[in-house]
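**Student:** Sequence:
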Amino acid sequence: MPEGHSIHRLARQFNDVFAGEKVAVSSPQGRFVDGAALLDGHTIISAFAHGKHLFVNFENDLTLNVHLGIYGAWTFGGDDQFNGASSIGAPRTIGEKERGTAEVSGEYQGAPEPKATVRTRIVSEHGWADLIGPTICRVLTPDEVRGVRAKLGPDPLNDDADPASFYRAASKTGRPIGVVLMDQKSISGVGNIFRAESLWRQKINPFRPAKELDASELEALWEDNKHLLHIGVRVGRIITTEPDDRPGIPETEAWPEHANYVYMHHGEPCRRCGSIIRVEEVAGRKLYWCPGCQH
DNA sequence: GCCCTATGTTAAA
DNA sequence: TTAACCTAGGGCT
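Residue 5 is where the first sequence starts when you use my numbering, and the numbers rise one by one after that.
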């Protein structure tokens, strides 16, 4: 799944290729037929992301709201006037891979026959986008969009995000900070990799009650997640290691074992203190951390 | 082919 | 806390 950075890349992609375009919307799979009919034939105004939610505004005041969950993914394709044919969403290879323009070449000949699992297909004059496996795919009114966003915590990738809201939420709960970072009502866009990596980078034990962290620690977590999310948006992958820790390996080519410090590194020695990295299931998700240097 | 896993979330128990 | 849901790929037999 895609953590928040993928959704912001998606929003950017939608703005690049669909903004101002009149589109055909359909549901080859058949599970979004009614929703698609509300949008079919209308013009896309713009798209934006809040945490892991994608919102696509149409000129008829309706908004397409998609959440990819763990499995969801969008695939794009089109002609030369359709920027950046690519795939964004659930990884289909080791690590996250978002395919570049080189994968789709030659003359655009129309969208391919959709797979039976395509929940939603969007087609413009110059290209197409297919959505598979989303947790959420629905059409919202402006009021409903506000309602959904009101339940989401601040997203470090959004310029108008208020970190104080995250600090307040963390300061009043005894839940572990590792759990709070995954709670989209407290902070949105952070997922299992960013939470593990940011806690390791800030040397904070994920099991510490959130309310016991001091202001500088909460601020460090906000700023580091913001920093790491921005790298994710720029590179299209989650890269949480510092350049010095992957000598000679450009961020765009970092292998999975070079890209992260603790995520999926259980059983290996911590590169900071040598202790063996551990993994434990917490609230249904695997939490990776170093018992030696995260206090 | 079968089993497992995954960057997620919600509802039921 | 558990189950359910959404899908595809990899490793195994």
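Calculated directly from the structure, the hints in this document are not laboratory data.
Warning: the hint list may mix true and false statements.
What the hints assert, rightly or not - Pairs of lysine-lysine residues, derived as DSS-like cross-links and limited to a Cα-Cα distance of at most 25 Å, are as follows:
#1 Lys155 - Lys176
#2 Lys230 - Lys155
#3 Lys189 - Lys207
#4 Lys26 - Lys119
#5 Lys290 - Lys189
#6 Lys207 - Lys155
#7 Lys230 - Lys290
#8 Lys189 - Lys176
#9 Lys176 - Lys215
#10 Lys155 - Lys119
#11 Lys176 - Lys119
#12 Lys207 - Lys176
#13 Lys230 - Lys215
#14 Lys230 - Lys207
#15 Lys290 - Lys207
#16 Lys215 - Lys189
#17 Lys215 - Lys290
#18 Lys230 - Lys189
Unchecked claim - Taking CB as the label site, the calculated pair distances span:
#19 Arg179 - Gly24: 19 to 27 Å
#20 Asp84 - Ile253: 17 to 25 Å
#21 Arg179 - Glu129: 20 to 28 Å
#22 Ala287 - Arg142: 50 to 58 Å
The C-beta atom is built at its ideal place from N, Cα and C for all residues, glycine as well.
**Student:** Taking the earlier hints as the rules, which of them does this structure contradict?
**Tutor:** Going through the list in order, the structure violates hints 6, 10, 11, 19, 20, 21, 22 and respects the others.
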